[in-house]
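**Q** Got chain W; can you put chain G on it based on the hints?
Line order of the protein sequences matches chains W and G. In case it helps, my numbering puts the first sequence at residues 150 to 466. In case it helps, my numbering puts the second sequence at residues 244 to 488.
In short, the hints are calculated from the structure, not lab data. It is possible that part of the hints are untrue.
[Said to hold, decoys possible] On the chain W side, residues computed to face chain G include the following (Cβ under 10 Å):
| id | residue |
| --- | --- |
| 1 | 320 |
| 2 | 342 |
| 3 | 396 |
| 4 | 427 |
| 5 | 445 |
| 6 | 464 |
[Said to hold, decoys possible] Simulated pairs of lysine-lysine, DSBU-like, Cα-Cα distance not exceeding 30 Å:
| id | chain 1 | residue 1 | chain 2 | residue 2 |
| --- | --- | --- | --- | --- |
| 7 | G | 293 | W | 330 |
| 8 | W | 330 | G | 404 |
| 9 | G | 482 | W | 165 |
| 10 | G | 467 | W | 432 |
| 11 | W | 276 | G | 271 |
| 12 | W | 307 | G | 463 |
| 13 | G | 463 | W | 370 |
| 14 | G | 486 | W | 283 |
| 15 | W | 162 | G | 486 |
| 16 | W | 283 | W | 203 |
| 17 | W | 283 | G | 467 |
| 18 | G | 293 | W | 425 |
| 19 | G | 404 | G | 293 |
[As the list claims (entries may be wrong)] The calculated label-pair distances, taken between Cβ atoms and stated as ranges, are:
| id | chain 1 | residue 1 | chain 2 | residue 2 | range |
| --- | --- | --- | --- | --- | --- |
| 20 | G | 456 | W | 159 | 25 to 31 Å |
| 21 | W | 337 | G | 462 | 33 to 39 Å |
| 22 | W | 360 | G | 428 | 48 to 54 Å |
Note that this is a predicted model, so its numbers are computed, not measured. Ideal Cβ placement from N, Cα and C applies to all residues, glycine included.
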Amino acid sequence: MSVLVFIETEEGKIKKSSREAISYGAALGEVTALALGTVGTEELNTAGANGATKVLHVSDERLNAGLIQPYAEVLASAANHTGAEIIVTAKSSLADAVVGRVAAKLGASLVSNVVSLPDTSNGFQVKRSIYTGKAFANVSLTTDKKVLAIKKNAVEIKQDGGNAGVEAFDVNLEDNLFGAKITSTEKAEGDILLPEADIVVSGGRGLKGPENWGVIEDLAKTLGAATGCSKPVSDMDWRPHHEHVGQTGVKVSPTLYIAVGISGAIQHLAGVNSSKYIVVINKDEEAPFFKAADYGIVGDAFEVLPKLNEALKKALA
Amino acid sequence: MNILVCITHVPDTTSRIAFTNNDTEFDKNGVQFIIGPYDDYALARAVELKEQNGGKITVLNVGEADSDPTIRKALAIGADEAIRVNAFPSDSFFVANQIAAIAKDGNYDLILMGRESIDFNGGMVHGMVGELLGLPSFSPVMQLEIEGTSAKITREIEGGKEKLEVTLPFVAGCQEPIAEWKIPNMRGIMSARSKPLNVVEPTDTTTHSEISSYELPPAKGAVKMVDADNVEELVDLLKNEAKVI
Chain W
150 MSVLVFIETE EGKIKKSSRE AISYGAALGE VTALALGTVG TEELNTAGAN GATKVLHVSD
210 ERLNAGLIQP YAEVLASAAN HTGAEIIVTA KSSLADAVVG RVAAKLGASL VSNVVSLPDT
270 SNGFQVKRSI YTGKAFANVS LTTDKKVLAI KKNAVEIKQD GGNAGVEAFD VNLEDNLFGA
330 KITSTEKAEG DILLPEADIV VSGGRGLKGP ENWGVIEDLA KTLGAATGCS KPVSDMDWRP
390 HHEHVGQTGV KVSPTLYIAV GISGAIQHLA GVNSSKYIVV INKDEEAPFF KAADYGIVGD
450 AFEVLPKLNE ALKKALA
Chain G
244 MNILVCITHV PDTTSRIAFT NNDTEFDKNG VQFIIGPYDD YALARAVELK EQNGGKITVL
304 NVGEADSDPT IRKALAIGAD EAIRVNAFPS DSFFVANQIA AIAKDGNYDL ILMGRESIDF
364 NGGMVHGMVG ELLGLPSFSP VMQLEIEGTS AKITREIEGG KEKLEVTLPF VAGCQEPIAE
424 WKIPNMRGIM SARSKPLNVV EPTDTTTHSE ISSYELPPAK GAVKMVDADN VEELVDLLKN
484 EAKVI
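Okay, chain G solo, but in the shape it has when bound:
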């Protein structure tokens, strides 16, 4: 089983979000970067599938050199080798195009990634990659079982879930509870240092959009506290001040 896992290199979920250079760049100062939490689920499931079926896991990141520690962590968790397409991930089409270009030659049985990145939350790359490769794509996938050349998938839908039977190969955008996040052990960390991380240049630099500026939402006003014995006051505030009921 040959699995490609696409990972993003994103600010930790607890990061303070700020912008710099006249609000045209994300301020990385003091920010811890991690494997995208959804991608981390995809990677964890890939490791389990490899344990069951044998095979190889390749992680792929579209990013600049500062992604390398994040990629090494994915290798420590259990990927066998890594590819980094050396470019700033400008928009979802650009990223999907790079992934498709790598995947075309890789003969992968499965292409896994998170349902969305937690920086831009677009949730569009898996579908684009599927279309560019002429493969089916599914998202958000919360269960994935492989039996030979077919797979059983559970996909979350609004208000519930659906089960599907599909044939390999395909692209899946993953989310919990597909697997538990894996923490790298010492042996994994040691071996990750010697696993191959191949840096390649992008083949096509087409983008479909450009970000001109960033902004933060207006600051929230102070909370109004209401006494627990006076819930009528809360009802009055909701009705006459907020006008939401």
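Bound-form chain W, shown alone:
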């Protein structure tokens, strides 16, 4: 089976979720990965370890920013070029915007938030997360071409593949695809991206103000974690919107989610219920979040967090 995997890069590196998508694709068949914009050949070579046999690279500098229409055009062209039956991508803010167009171009079926390899014993069926992580659906894809957007942190990354050869791939992109002009980009640099993170430390109103976020950031630094927050915290502008975890914010699925001073409203839980382990630290022992947690501490964040940080530093040293 011929598989095409869309690679997203971040600061010149292949994103972890794209390595997951390549690993997923490698379990299905021969993987050609596709990278867009300026990326080093050496970096693209490393897609081989995750299971790609070949990387097509469209080095057109106009593609350095994630532009929806040109990206969809390139993906569809590459799918036609390779004869791919399956197109795999990580589910992400960019891929969501791009792959609906790709599926419509190719007449392909599309399933998002996929959490399992396909069962091909009777057709082609995958399990997907629905109701914001509260349930799953088993879905059969009924067209020849299929597009799968894989939920982040649902696939183990394959490390034992070979070397991927990198080939230049040219697509003629008409100017009218570039009608949308990006005028500015604001981005936190060097931080671990929240949707990609293995560990997330989130703070809520219990922290009393943005000036107190140091305890969250210190703990995140020790754990190599991303920082998140609850909706009220983002609504009050204590933290930027892209850190808001929950029903109408970012849905995360880390191995460890640490919630500090967050009561655990159902809308917040909807954003974290795919986490493997949840730790809740809250001074209110009645906080509903404890019911959804694996481990809990009733205590004052400003006393518990510095102690926990020191203990973790010792354990990880």
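**A** Frame of chain W; chain G shown alone:
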């Protein structure tokens, strides 16, 4: 300004999710249905844009008759008329195809919807509609300002945001903080009763996928509480029991 706002009819965010008929159907018993929260943001922004620029708002839902109260609520919030494509919204392609068929004849300057529905969370319909209509599509859009025939958009990206300048018409998948949710007032509720809600049949019933069954995640075990004066125990549990650090 002629705006089409596509809305979903979905279980309230606090709903208990359960399935029936041998796990092949969603159990609607006791579930409150609402306008999709992201669609509600799109609708609220459409109402503001109409206040600024004049024009008309049409809401569109692909759904069965039980969507009608949800559609009436959108009319009460400020839409002028509504269309319901009378069909179960089987998959994202089916829904996108219905929206595109309606939009093709409507001469809309803007097609707004939520970034995703909160039942299936696919987040794919806006892109499909854009492609089917040959229009640009953007998502997730957190700010939208219109100036004549051009628009300034802020789109959320992972770890930040980007600003774009684009030309009408286009499709946008919306999210907060594009606008504040609007609560219908009494006058809105009264006038919604007499606003047109046109029910049309689907033109093309092609689907690309089928759901064979639903399942719930395994129940969570009981929480282990650790004393606040003994954080070392938590570290030990994370390291040796959960093995996550």
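**Q** Compare the structure with each hint and give your call.
**A** Hints versus structure:
The interface hint given for residue 320 of chain W is broken, as the beta carbon of that residue sits about 17 Å from the closest beta carbon of chain G, more than 10 Å. Given the 10 Å rule on beta carbons, the hint for residue 342 of chain W holds: about 5 Å separates it from the nearest Cβ of chain G. The closest approach between the C-beta of residue 396 of chain W and any C-beta of chain G is roughly 5 Å, which is under the 10 Å cut-off, so the hint is satisfied. Residue-level restraint check for residue 427 of chain W holds (minimum Cβ-Cβ distance to chain G is 9 Å; threshold 10 Å).
Given the 10 Å rule on beta carbons, the hint for residue 445 of chain W holds: about 5 Å separates it from the nearest Cβ of chain G. With 10 Å as the threshold, the beta carbon of residue 464 of chain W comes within range of chain G, its nearest partner Cβ sitting at about 5 Å, so the hint holds. Straight-line distance between C-alpha atoms of residue 293 of chain G and residue 330 of chain W comes to about 25 Å, which keeps the hinted pair within the 30 Å bound. Of the supplied pair hints, the one linking residue 330 of chain W and residue 404 of chain G holds, its CA atoms being roughly 14 Å apart against a limit of 30 Å.
Taking the CA atoms of residue 482 of chain G and residue 165 of chain W, the gap is about 23 Å. The hint holds against a cut of 30 Å. Of the pairs offered as hints, the one joining residue 467 of chain G and residue 432 of chain W holds, with about 16 Å between alpha carbons and a cut-off of 30 Å not exceeded. The straight-line distance between the Cα atoms of residue 276 of chain W and residue 271 of chain G is roughly 22 Å, inside the 30 Å bound, and the hint therefore holds. Distance restraint check for residue 307 of chain W and residue 463 of chain G: the Cα-Cα separation of roughly 29 Å lies within the 30 Å cut-off, and the hinted pair is therefore satisfied.
A C-alpha spacing of about 29 Å is found between residue 463 of chain G and residue 370 of chain W, which places the hinted pair at or below 30 Å, so the restraint holds. A C-alpha spacing of about 25 Å is found between residue 486 of chain G and residue 283 of chain W, which places the hinted pair at or below 30 Å, so the restraint holds. Proximity of residue 162 of chain W to residue 486 of chain G is assessed by CA-CA distance (about 27 Å); at most 30 Å being required, the pair is judged to hold. Annotation: proposed proximity of residue 283 of chain W to residue 203 of chain W is violated, straight-line Cα distance about 37 Å (limit 30 Å).
Proximity of residue 283 of chain W to residue 467 of chain G is assessed by CA-CA distance (about 22 Å); at most 30 Å being required, the pair is judged to hold. Distance restraint check for residue 293 of chain G and residue 425 of chain W: the Cα-Cα separation of roughly 45 Å exceeds the 30 Å cut-off, and the hinted pair is therefore not satisfied. Taking the CA atoms of residue 404 of chain G and residue 293 of chain G, the gap is about 26 Å. The hint holds against a cut of 30 Å. Between residue 456 of chain G and residue 159 of chain W the C-beta distance comes to about 37 Å, which lies outside the given range of 25 to 31 Å.
Evaluation of the 33 to 39 Å hint for residue 337 of chain W and residue 462 of chain G yields a pass: the beta carbon distance comes to about 37 Å. In this structure the supplied range 48 to 54 Å is violated for residue 360 of chain W paired with residue 428 of chain G, their Cβ-Cβ distance being about 39 Å.
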